[in-house]
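Got chain A; can you put chain B on it based on the hints?
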Amino acid sequence: MAGSGNAHLRQAAELLKIQNLKVEFATPKGKTEIISDFSIDVGDSEVLGVVGESGCGKSTLAKTIVQINKAKSGSILFEGNDIVALSKTQAKLISKEIQMIFQDPISSLNPAKKIRNIISEPLKIHKVAFDERSINETLSKVGLDANIVLDRKPRQFSGGQCQRISIARALGLSPKLLICDEPVSALDVSIQAQILNLLIDIKDEFKMSMLFISHDLSVIKYIADRIAVMYLGKLCEVGSTDQVILKSSHPYTQALVDSVLDVNSGSSIKTRHKIELKGEIPSFTKPPSGCRFRLRCPFAQPICEQDEPQIRKVGEDHFVACHFPIMQNG
Amino acid sequence: MTLTVTEKPNATPVAKRSSSKGLGWFFWACTFWVLAVIILAIIAPLLPIDNPNKTFVCQPFSGPSGSHLLGCDDLGRDILSRIIFGSRVSMFVGIVSIGIGLIIGGFLGLISGYNNKKLDTVMNTIANIIISFPTLILLLAIVAVFNHSLIVITLSISFISIPLLFRVIRSATISVANKEFVQAARTMGSSRIRIVFVEILPNITPIIVVYGCLGIGSAIIAEGTLAFLGLSVSLPTPSWGNMIAEGAQSFLRRDFLLTLWPSIMIIMTVVCFNFISQRLEGKFNSGDGAI
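Chains A and B supply the protein sequences, listed in that same order.
Note that my numbering has the first sequence beginning at 70, numbered continuously upward.
Note that my numbering has the second sequence beginning at 36, numbered continuously upward.
Here chain A stands alone, though its shape is the one from the complex (with noise of 0.2 angstroms):
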């Protein structure tokens, strides 16, 4: 896995579409690339999962995007504007239109100041007209009493109320893309459910696209149009859900489905050995030559070492980076 190319990438006007990016971290060893050549897109009204394990390159990914972190090439195309060479200005009329949804719903929120401020604070950045009603209605979208919620401040919520509350300061400039970088999974299982479906709902209602990032398969499974997987700052496999879960043709992808524990479905118990992952994910600072996932790939071959996987076509809307991709029938 771990490939290069283009492939993938949808003809049709799409509404964020990343090209070729590059991120670079500097570290007291020189640079490290944490992002190399990494494409992908994101279409109108549609909700691409993002998964990979600890450490791939996920929330660099999500940052690049919002402008906290720098590329250092490539281009991130939203509605047509590069966001790497956008000047202040126009950086700033973007970042209206991308909102982020971060992994730690409390310390999301500002301690100090009350929710009314919180959720006001997006509309003055931008110098939107506001009054109580619109802020009350925001709320309500979100499932939040505002005569309860408004003069509070964030310590006096849970976790789950914390995650409503900075969905709904997300919502307040109606954005066309929310980044959601790991959502729930600071949340416990239950309040994990409630706040998936809130995004579905509001997704639905606010027509606007979704990037959503998480480690754990069956979040992305529930609430994705299209998943991509990420491995060691490279896509791995995109496609589909169905595609990609079912028909898994990357082993790390393959790997993953394998690690969720599936209870529901007793028939999914295949007859095929199960890939299980074993070390840690390879260090950014000397990634593997070649094929970067081969070190921990069980089919890995010579020609893995040498040549790195261009993505390619295996079926529709589904495409994948290796050199031996599982075939499955069906």
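The hints are simulated quantities; they were obtained by calculation from the structure and are not laboratory data.
Warning: the hint list may mix true and false statements.
So these bits of chain B aren't anywhere near chain A, every CB distance computed over 10 angstroms [as the list claims (entries may be wrong)]:
{"id": "1", "residue": "G59"}
{"id": "2", "residue": "S100"}
{"id": "3", "residue": "V131"}
{"id": "4", "residue": "F142"}
{"id": "5", "residue": "I161"}
{"id": "6", "residue": "S226"}
{"id": "7", "residue": "M303"}
{"id": "8", "residue": "V306"}
{"id": "9", "residue": "Q313"}
Restricting the straight-line Cα-Cα distance to at most 30 angstroms, the calculated cross-link-like pairs of lysine-lysine (DSS-like) are [to be verified]:
{"id": "10", "chain 1": "A", "residue 1": "K382", "chain 2": "A", "residue 2": "K290"}
{"id": "11", "chain 1": "B", "residue 1": "K214", "chain 2": "A", "residue 2": "K91"}
{"id": "12", "chain 1": "A", "residue 1": "K91", "chain 2": "B", "residue 2": "K153"}
{"id": "13", "chain 1": "A", "residue 1": "K290", "chain 2": "A", "residue 2": "K132"}
{"id": "14", "chain 1": "B", "residue 1": "K318", "chain 2": "A", "residue 2": "K222"}
{"id": "15", "chain 1": "A", "residue 1": "K276", "chain 2": "A", "residue 2": "K165"}
{"id": "16", "chain 1": "A", "residue 1": "K139", "chain 2": "B", "residue 2": "K153"}
{"id": "17", "chain 1": "B", "residue 1": "K152", "chain 2": "A", "residue 2": "K193"}
Backbone N, C-alpha and C fix where the C-beta goes; we use that ideal spot for every residue, glycine too.
The following block gives chain B in isolation, referenced to the frame of chain A:
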């Protein structure tokens, strides 16, 4: 599932403020003392007390009496009146110098602590250089170069307080600047200045208040030290420090009481400021967050 969950039952119990434990009577006693001293200092000229520089025909060192509650000093001046007028100097120097220190040091600390590495290194180095001078010697040098008027004393104490307050506020800013809500503000398109003043500042106001109170106490002592050495406001204007010196170095004989009264004033006031600061710090640390 539908989304009409209001989570009402959850909101009520968490909403109960955790601050049921008060600040304690001693805190309020200290606050009362400090406020009383400040108010008396402000309205001193309106009070029905004697002119602090008027000499009366009374036995020097006569001790408390009906007409002079705390007695007279070596020149027959009313000690009570001199103490009240003396508080004007201490309070002015303490509050104004720390006020200036907080405004300048705080502003620089906020700017330096939030995301500007080069500026931060430069300012931190300058602060370290200033801090490395012994305080009293630096004060004496400044006063020697200029003069010992009230304004110079105030400004030189604030000059010394700036790097100290700068460092405290800078490190507080750094710890807040890495929080996720600051990143959230950046993704929303907030400008740097707006992030500093709208997101970070409210989170470090407790620290500003705590160190402000502590600083006022130290500034009062610094002024008292200078005055004791005869380097604060010129005589005959009374200040607590020069009254202590007068009691200790009087021409006629040493006077225990003349030294005692202003000493009590300095100790009480400084202890009160320190206690207020300590109590507030405990309160803020107990999770009661910003004011």
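Of the numbered hints stated earlier in the document, which are not met by this structure? Violated hint: only 6; rest satisfied.
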